[in-house]
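Protein chains in written order, with the working numbering: chain A, 7 to 418; chain B, 7 to 418; chain C, 7 to 418; chain D, 7 to 418.
Watch out, some of these pointers could steer you wrong.
What the hints assert, rightly or not - 20 angstroms max Cα-Cα, derived PhoX-like pairs, lysine-lysine:
#, chain 1, residue 1, chain 2, residue 2
1, C, LYS321, D, LYS289
2, B, LYS232, A, LYS13
3, A, LYS321, B, LYS232
4, A, LYS269, A, LYS246
5, D, LYS209, A, LYS406
6, C, LYS289, D, LYS289
7, A, LYS13, C, LYS83
8, C, LYS306, C, LYS232
9, B, LYS232, A, LYS306
10, C, LYS274, C, LYS289
11, D, LYS13, C, LYS232
12, D, LYS13, A, LYS232
Don't read these hints as lab results, they were simulated from the structure.
Number of protein chains: 4
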Amino acid sequence: MTTNKRKIINDPIYGFVSIPGDLIFDLIEHRYFQRLRRIKQLGLTNLVYPGALHTRFHHAIGAMHLMQETVHSLRQKNVNITSKEEEAVLVAILLHDIGHGPFSHALEHSIVTGVNHEAISSLIMSKLNLEFKGKLALAIKIFNDQYPKKFLHQLVSSQLDMDRLDYLKRDSFFTGVSEGVISSDRIIKMLNVEKNQLVVEQKGIYSIEKFLIARRLMYWQVYLHKTVLSAETLLVTILKRAKELSGQGRDLFATPALSLFLKNNFTKKDFDKRSELLDSFAKLDDNDVIASIKVWCDDKDKILSTLCTNLLNRKLFRVEISSSPIPKAYCEKLAEQASKKYKVSKKEAAYFVLTDKVNNSAYTADQLKINIRMGNNQLLDVAQASDLLNIQSLSKTVTKYFICYPKDLKIG
Amino acid sequence: MTTNKRKIINDPIYGFVSIPGDLIFDLIEHRYFQRLRRIKQLGLTNLVYPGALHTRFHHAIGAMHLMQETVHSLRQKNVNITSKEEEAVLVAILLHDIGHGPFSHALEHSIVTGVNHEAISSLIMSKLNLEFKGKLALAIKIFNDQYPKKFLHQLVSSQLDMDRLDYLKRDSFFTGVSEGVISSDRIIKMLNVEKNQLVVEQKGIYSIEKFLIARRLMYWQVYLHKTVLSAETLLVTILKRAKELSGQGRDLFATPALSLFLKNNFTKKDFDKRSELLDSFAKLDDNDVIASIKVWCDDKDKILSTLCTNLLNRKLFRVEISSSPIPKAYCEKLAEQASKKYKVSKKEAAYFVLTDKVNNSAYTADQLKINIRMGNNQLLDVAQASDLLNIQSLSKTVTKYFICYPKDLKIG
Amino acid sequence: MTTNKRKIINDPIYGFVSIPGDLIFDLIEHRYFQRLRRIKQLGLTNLVYPGALHTRFHHAIGAMHLMQETVHSLRQKNVNITSKEEEAVLVAILLHDIGHGPFSHALEHSIVTGVNHEAISSLIMSKLNLEFKGKLALAIKIFNDQYPKKFLHQLVSSQLDMDRLDYLKRDSFFTGVSEGVISSDRIIKMLNVEKNQLVVEQKGIYSIEKFLIARRLMYWQVYLHKTVLSAETLLVTILKRAKELSGQGRDLFATPALSLFLKNNFTKKDFDKRSELLDSFAKLDDNDVIASIKVWCDDKDKILSTLCTNLLNRKLFRVEISSSPIPKAYCEKLAEQASKKYKVSKKEAAYFVLTDKVNNSAYTADQLKINIRMGNNQLLDVAQASDLLNIQSLSKTVTKYFICYPKDLKIG
Amino acid sequence: MTTNKRKIINDPIYGFVSIPGDLIFDLIEHRYFQRLRRIKQLGLTNLVYPGALHTRFHHAIGAMHLMQETVHSLRQKNVNITSKEEEAVLVAILLHDIGHGPFSHALEHSIVTGVNHEAISSLIMSKLNLEFKGKLALAIKIFNDQYPKKFLHQLVSSQLDMDRLDYLKRDSFFTGVSEGVISSDRIIKMLNVEKNQLVVEQKGIYSIEKFLIARRLMYWQVYLHKTVLSAETLLVTILKRAKELSGQGRDLFATPALSLFLKNNFTKKDFDKRSELLDSFAKLDDNDVIASIKVWCDDKDKILSTLCTNLLNRKLFRVEISSSPIPKAYCEKLAEQASKKYKVSKKEAAYFVLTDKVNNSAYTADQLKINIRMGNNQLLDVAQASDLLNIQSLSKTVTKYFICYPKDLKIG
């Protein structure tokens with residue numbers, strides 16, 4: 007019965023979120039979606055901000071809630087959105103991240119390198135569409151930007167989409183970094199549609215500036231916080247080492263789902279051919295990774311056990327950040343010390359001296375722009391419309407290089 | 007160096023929490039305490055309130071923060087608290103829940119039945135005291151109520167302690183049940199000490215009434231929410247079945263830490279004798295339980311696999327609640343149906359028709375009372391001092407009986 | 007054009023409040039309603055809680071907002087509310103307090119004693135109904151409980167109406183007494199209608215308990231705060247003295263609107279006969295009272311100038327509260343001292359030694375009850391339905407007696 | 007007795023604010039300070055944002071609270087601040103706005119043109135210093151930037167002072183424009199002192215960016231909101247007309263305090279010579295202005311009565327904003343129409359067609375800069391240190407011109 011399926015979900019951020027309609031209810035109930043309950047939105051960030059335990063499940067529901075509000079607000083401005091389109095755009099945002107695995111970034115850089123989460127999202131949507139007898143077709147079209155009402159796609163995926171509005175708000179809330187808080191209410195009220203494109207009304211320009219600044223702040227304060235970088239780099243290294251050992255024939259303890267990916271290098275093609283692979287992937291969540299790492303703390307491979315113990319007990323590596331690449335000589339010097347300290351070969355020492363880089367740009371001018379409708383009915387890219395934000399800087403990619411190594415290594 | 011150890015932790019509830027001093031810093035860094043990062047405060051409650059993912063780690067830190075505020079406020083009222091006592095009472099509250107395992111209640115009713123978390127807390131504190139060369143002695147005295155300044159113990163453990171103040175606030179915050187929110191600030195400002203006992207100033211009586219009502223509300227709305235009961239009962243049953251199968255010699259997949267407790271029935275005496283047991287126990291966290299349950303979804307034991315799949319994909323049992331015990335006949339009828347439906351023996355059907363009961367009292371008159379200091383300097387139990395709250399009801403234990411069974415069983 | 011009249015009002019509590027429809031827009035624009043912008047909801051309470059400056063204007067708008075939410079929620083539960091009825095019930099709540107003058111309570115006990123604010127509300131509604139050509143007829147019917155759908159009246163005026171929901175929330179917010187905060191969202195979601203009566207669903211009982219407790223807390227912490235009582239008693243005395251002097255022929259400075267009421271004793275009949283009186287009354291607001299008191303600080307009447315200076319510079323009288331009437335002898339002793347200290351006659355000394363009493367009951371069983379719909383479809387008064395709240399106490403009127411006198415009087 | 011004077015004030019923003027010490031307590035009790043209770047921080051802004059009723063009193067207390075937090079934080083970083091200096095800097099921030107009259111900006115542009123609020127602040131501080139026997143001397147030195155520890159002055163008055171931190175936070179809170187909210191906690195934690203100058207630590211740069219953006223947003227959304235401009239321009243015009251009429255010998259109704267300034271043109275010299283003038287000025291507050299305007303609604307001067315009725319009943323003029331000066335011809339055309347419509351001379355029509363301009367710059371590079379301490383120990387102006395904010399734009403003064411005229415005038 008329809009009415010049984012209407013439900014309300016408590017959200018500390020929005021109060022009550024309602025589930026509009028049976029299709030969406032059934033999608034949320036689906037095991038592919040339920041598994042997002044066990045995948046943290048911010049991976050290891052809780053090691054720095056202990057409140058940051060919120061899941062991709064809650065984020066997807068939240069983004070859907072904002073989409074409902076936006077559809078409501080746009081309709082009040084006489085933007086025509088049919089109820090089919092409404093359902094589709096809600097489904098599209100609900101499933102936008104469905105392909106994420108646990109610690110997504112880390113996984114893709116270590117043991118599941120052959121296929122990325124976008125590809126898996128696509129596969130899952132197709133599979134769900136089959137299961138639900140074609141009811142997701144329009145949602146998929148919108149998701150893939152193949153629908154004439156471009157703004158629907160833009161609400162799902164652009165530089166001012168419901169994904170970003172929810173995650174900035176949610177990540178600020180749960181980390182406690184209150185400065186990242188944005189006023190999604192106000193931004194949504196400023197949205198409008200013109201020639202099928204999403205635009206922001208002129209008086210919304212200050213809100214957009216603030217949104218961009220908040221996003222930038224969250225990047226440096228949270229997403230690229232150096233201790234978080236250190237933890238994630240450690241995790242990548244752990245998973246690489248485990249895969250290497252598996253490759254050498256070691257039968258490491260692991261949950262069956264994780265084991266499968268430790269022992270094999272699947273490519274996108276494999277996923278296309280062997281449909282059961284998707285189900286195996288969908289069995290992975292944070293618990294598989296952490297439960298295995300816990301066991302590896304006692305592994306006989308000293309490198310693996312050391313790295314795992316460090317991560318688990320939060321003895322994270324020191325990080326040094328630089329705007330230029332880390333000099334090779336410096337890395338080698340550290341590796342040499344690590345080699346002595348941990349009595350490992352110079353090659354193995356590389357597991358203790360880790361380098362990587364991160365990028366960030368507040369706004370990317372060559373992606374879908376945020377368009378402001380000026381008083382004269384002209385559309386201007388926000389980078390042009392704002393007299394305060396520096397256009398060049400705004401869209402410049404900032405790259406930071408970093409090196410991590412155990413705190414007990416001493417330089418001098 | 008001392009100053010390196012001073013740290014600030016972000017808390018979405020209190021803003022910034024500071025770690026006062028090296029001992030506390032080192033305790034927080036200890037692996038026994040770090041493991042609390044992986045144990046959710048509210049177990050499976052997130053299946054109903056998806057934000058309720060906060061950990062025992064965060065709660066312990068938060069309760070310590072409130073203790074700092076309380077010590078500060080009491081000193082301003084000329085209550086004498088030495089810095090040694092301050093450190094000790096902070097340590098005591100920090101460690102008050104250190105013995106909790108994952109899904110504590112469920113575990114104690116299924117696979118770790120021989121020893122409870124209070125006993126384990128005690129063992130851990132003793133062990134830490136050894137490691138820290140006696141520095142925890144005073145904290146342990148206070149914790150065990152063996153210190154003359156009784157109010158210090160009362161701040162750690164009574165019907166108005168920092169534990170309750172923090173967990174009500176925190177659980178409300180993360181579930182989004184805003185009605186549970188209490189004003190810890192105001193309550194703390196109303197506390198005072200008289201003849202070494204904690205008392206509440208008269209004008210604080212309304213705040214205390216509100217605190218009791220909020221606690222009661224949280225009980226029925228969150229802690230004893232019927233879907234949460236259903237999930238927890240399912241978990242208990244799963245763990246019991248797994249233990250039973252292990253007892254029958256099945257070598258179920260499990261993480262080593264969990265496996266140990268599935269295969270053995272340790273008693274408190276075992277823990278006393280074999281000190282390595284404590285370490286094994288301390289390796290358990292939420293990940294062990296969930297990761298194992300995920301694997302059991304595919305177990306050949308149909309009962310186990312069915313129950314696990316139900317829990318994992320959130321196909322929870324229907325719950326019926328009653329103020330009197332569930333009639334036996336009704337249970338049997340349901341068991342019969344379950345037996346047919348799932349093609350199991352009548353004995354095995356018991357795994358699908360579960361009964362239990364829960365208790366709650368808003369305030370327990372025979373425990374440590376909340377004393378209000380009336381205008382005439384008289385001390386009155388809050389149950390007497392309030393003209394609104396019904397004394398009998400307030401301290402009456404409410405018992406509710408419930409039965410859970412699969413939603414596809416039909417009665418009639 | 008219709009759309010020009012749709013407007014959004016910022017509210018720090020609810021975010022955005024929208025004005026639904028032209029009639030309501032025009033009523034808000036009316037000078038009778040605009041004057042509420044200049045009448046503080048909580049009179050002199052800002053002398054204790056400096057944030058409590060919010061106006062009856064903002065409260066009326068807020069209560070209307072909650073009514074919109076309630077209508078929406080009830081309709082989702084298939085309660086039939088036509089759009090005419092919706093408009094009428096919104097108008098009724100919007101105007102429920104339209105007859106309040108500045109410092110309403112004080113005014114009615116001093117210079118406008120012949121007519122109360124309820125009577126004036128009625129007169130204003132009738133007058134507006136004429137101006138708006140009968141469009142308020144249904145609203146007035148609902149307001150006066152003459153409409154068959156009783157629940158509409160109950161939403162406007164009962165022990166669980168939108169008035170109370172908004173004022174508790176608003177007063178808590180602006181005073182900063184966060185403990186008075188109630189969850190209007192949740193309470194509204196618990197409301198339903200049965201046989202045209204408003205009922206609360208059973209699971210809402212804890213929210214109602216909390217609402218009653220919060221209201222009680224606000225009474226003692228804010229509405230009847232002893233310094234607020236002191237200030238209001240001072241104001242009543244000032245206005246009485248000013249009226250007395252006017253009666254003696256003194257031409258005190260006053261704004262014309264205030265002057266009219268200082269010099270005359272109008273009765274309800276006068277208001278009925280002379281329609282311009284209503285307009286004169288509607289010209290009064292907080293500014294008239296305060297501006298006049300400021301001038302009276304320099305008045306030649308020593309009593310008046312002393313009292314006014316005390317109020318203006320916040321040299322408030324000391325208050326003593328008692329559960330029994332203040333003994334006459336005590337008053338006389340104080341009056342004697344005042345007589346000496348301020349060199350006034352014993353009769354005049356009465357202006358410095360003020361006694362009065364206040365009442366409060368958390369819930370009044372003989373008024374419109376709050377009905378809880380129990381599981382068995384039975385309706386129970388909340389005082390019966392709650393096992394925690396003490397029925398007798400809940401509905402008992404608590405009376406407190408108090409005496410105020412200048413702080414420089416000494417007893418001994 | 008000292009302890010009697012310690013007090014706690016409720017603030018909806020900060021919770022509890024404590025009054026540290028007798029001098030500060032006595033200053034707050036002083037009638038000069040108490041009058042700030044009757045002067046709204048944001049003048050007529052409540053006509054647009056009805057919650058914006060907070061007073062200069064509450065703001066001054068709030069800024070003092072932030073100063074306490076800052077002193078505490080700086081001391082923890084080993085910045086030396088003696089208790090004398092602490093008291094002085096608290097007094098300085100408490101009194102920083104003491105010279106403000108009601109609707110300060112409007113008053114200074116109409117009836118009190120000979121002296122500005124800064125001059126009056128200075129006079130009041132000197133007078134208080136006499137009354138308090140020199141106890142304010144150090145505070146005055148700091149206020150006037152004559153004390154070697156420059157950072158103390160900078161905390162009172164600079165582009166990142168406690169005044170701005172509090173008013174941004176407070177104005178956002180009470181207007182409900184949540185986007186203006188800044189994280190004063192975090193900014194305060196980022197402050198440090200170097201060579202007696204206030205500096206911001208490098209990782210605070212994102213918070214400073216956000217602070218500047220929030221301030222800019224509040225300017226356009228609140229302080230320079232066009233309806234607010236319209237209301238304030240109307241008020242200036244009303245007061246000018248009243249003064250003109252007074253100059254022509256009309257004896258307009260006004261409170262004595264306001265009357266004095268309507269009938270005279272006092273200069274700074276007058277204030278210096280006649281000390282009673284300061285006391286007369288200190289009697290002015292919002293009530294004098296509004297109470298008088300209410301009476302003027304019925305004045306026989308048609309211009310005055312029309313303008314006053316418009317303001318009182320919120321029939322505000324239409325505003326048009328332009329980035330270039332309003333063309334003379336356009337003004338004249340409107341004046342002509344006003345002349346016909348209101349049957350006034352062309353000269354008098356000028357009272358209905360009002361032009362003015364407003365300026366705003368987010369940050370002023372030639373004032374006291376906000377200095378960021380970079381990693382290399384170099385100090386950089388924030389305009390240089392931020393790679394995102396456009397230096398030129400940041401410090402460019404934006405000027406907007408506007409014209410206001412009655413909504414019933416039609417152009418065409």
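A quick look at each hint next to the structure:
Using a Cα cut-off of 20 angstroms, the hinted pair LYS321 (chain C) and LYS289 (chain D) holds, with the two alpha carbons roughly 17 angstroms apart. Taking the CA atoms of LYS232 (chain B) and LYS13 (chain A), the gap is about 16 angstroms. The hint holds against a cut of 20 angstroms. A C-alpha spacing of about 40 angstroms is found between LYS321 (chain A) and LYS232 (chain B), which places the hinted pair above 20 angstroms, so the restraint is violated. Proposed proximity of LYS269 (chain A) and LYS246 (chain A) is supported: the alpha carbons are some 12 angstroms apart, at most 20 angstroms.
Restraint check for LYS209 (chain D) and LYS406 (chain A): satisfied, since their Cα atoms lie roughly 15 angstroms apart, inside the 20 angstroms limit. At roughly 23 angstroms between alpha-carbon atoms, LYS289 (chain C) and LYS289 (chain D) are farther apart than 20 angstroms, so this suggested pair is violated. For a cut-off of 20 angstroms, the pair hint linking LYS13 (chain A) to LYS83 (chain C) stands: about 13 angstroms separates their Cα positions. Our distance criterion of 20 angstroms between C-alpha atoms is broken by LYS306 (chain C) and LYS232 (chain C), whose separation comes to about 30 angstroms.
Pair hint LYS232 (chain B) plus LYS306 (chain A) does not hold up; C-alpha atoms about 46 angstroms apart against a cutoff of 20 angstroms. Under the criterion of a C-alpha separation no larger than 20 angstroms, the hint pairing LYS274 (chain C) with LYS289 (chain C) is consistent with the structure, at around 18 angstroms. Taking the CA atoms of LYS13 (chain D) and LYS232 (chain C), the gap is near 16 angstroms; set against the 20 angstroms cutoff, the hint holds. Under the criterion of a C-alpha separation no larger than 20 angstroms, the hint pairing LYS13 (chain D) with LYS232 (chain A) is inconsistent with the structure, at around 43 angstroms.
Hints 3, 6, 8, 9 and 12, counting from the list given before, are not met by this structure.
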